[in-house]
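Q: Sequence:
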Amino acid sequence: MRLAYLIIAHQQPEQLAQMLYCIQHPDNVYLVMPDSKGLTGSEPALQAVVRRHPNVFIAPARDMRWASWSLMQARLDGIRELLARPEPWEVLINLSGQDFPLKSQEEIRAFFAANEGRNFLDIVEPEKVWNDPYARIQRIRLEPPFMKSGWNVPKLRIDRWSRHLGQARYVGGRPYMALTRSFCQHLIESSHLPRWVKTLRHGYRPVEVLPHSFIMNSPHADTVENRLLHEEDWSAGGSHPKVFTLADRERLERSDKLFARKFDSRQDNEILRVLEKRVLGAEAGRPTKG
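Each step along the sequence shown adds one to the number in the numbering used here, with nothing skipped, and position 162 is 162.
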C-alpha cells in the first residue's frame, strides 16, 4: 500500500525533519508545504532530508493563515500536485508539521491495506456539536490583500450555502483525514468544485467543512469511515489541542490511533524521542542531518 503524505508546516524545521524521518518509507511520497511566515523550505534540516530521501519534495513557501481559505487552497493545490506526480500512491494522508506517528510505517501501511478503498474522516453534524453551528458557512472572513491580516467581519452573516449548494448536506469535522486516490481525483476533477469554492472562499475555517461535506454529497459517501486517526487532547479547552508531553506517554503508547498532535520540541523534546524509538526501533536515534 503506497501512501502520499501532504504536510502543511508552519514552523520548527528540526521537529518537522524528525517527523519526516519517522514516517519515511521508500515506496511513499511526501510533499511538504511550508508557511512563509515561519519557514522557507531551505532550512538545513529540511534540505538534509531531501538530499537523503528523493521521495520528499518541498513546495515553494506560501502565506497560510489559521481559519482562512489559504489552508484549504494549500490542501487542494497539494492534492493536485501529488496526483500529477508519477508515483502510484493509493492513499493520501494529511498532517501538520506538529504531528508525530504513533505507529511504524509497516503498521500504518498494513492498516490501509486492510481498509482498502475506505476514506477516513471525522464527520460531525454541526447542529449537534458546534456551539455556533452555522458560523463556518455564514460568517465572512477577509484575508490579504483585502486586509493586512485575517479578519472576521462582525455581525455580518450571509447564507451562501443555500444560494450556491441548495439542499446539499452540511457536515464538518477535524481537518485531518486519509483519502483514497479515487476520491482525490473526483474532488479535483469535479465540475461541482468551483461552486463549493465560491461558497466557502470567504468563510470561516473552510478546511473543517469542504472535504467532509463534499464527500458526503458525492458518490464516495458510502466509502467513508467516520473515524479520526489522530490522538488529540482537548481537555484544556480553546481553539487548539493541548501539547503532548512526557506526562502523556502512557496515553500515547496505549492509543490505537496512527498519529497524534500536537507536539512542541521547545516545550518537551523527550516525548518525541520516546515515540521515535517506538516507531523506528533499532534505527531510532539516527541523525536526520548530513
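A few of these clues could be false.
The list that follows gives simulated cross-link-like pairs (lysine-lysine, DSS-like), each with its CA atoms no further than 27 Å apart [to be verified]:
no., residue 1, residue 2
1, 277, 262
2, 277, 128
3, 128, 155
4, 128, 198
5, 242, 37
6, 277, 155
7, 242, 257
8, 37, 128
9, 257, 277
10, 103, 198
11, 128, 103
12, 262, 128
13, 37, 262
14, 257, 128
15, 103, 155
16, 277, 37
17, 242, 277
Treat the hints as calculated values from the structure; they're not laboratory data.
Computed from a predicted structure; not experimentally measured.
Q: Find the hints from earlier in the document that the structure breaks and name them by number, from lowest to highest.
A: Hints 2, 6, 8, 10, 11, 15 and 16 not satisfied by this model.
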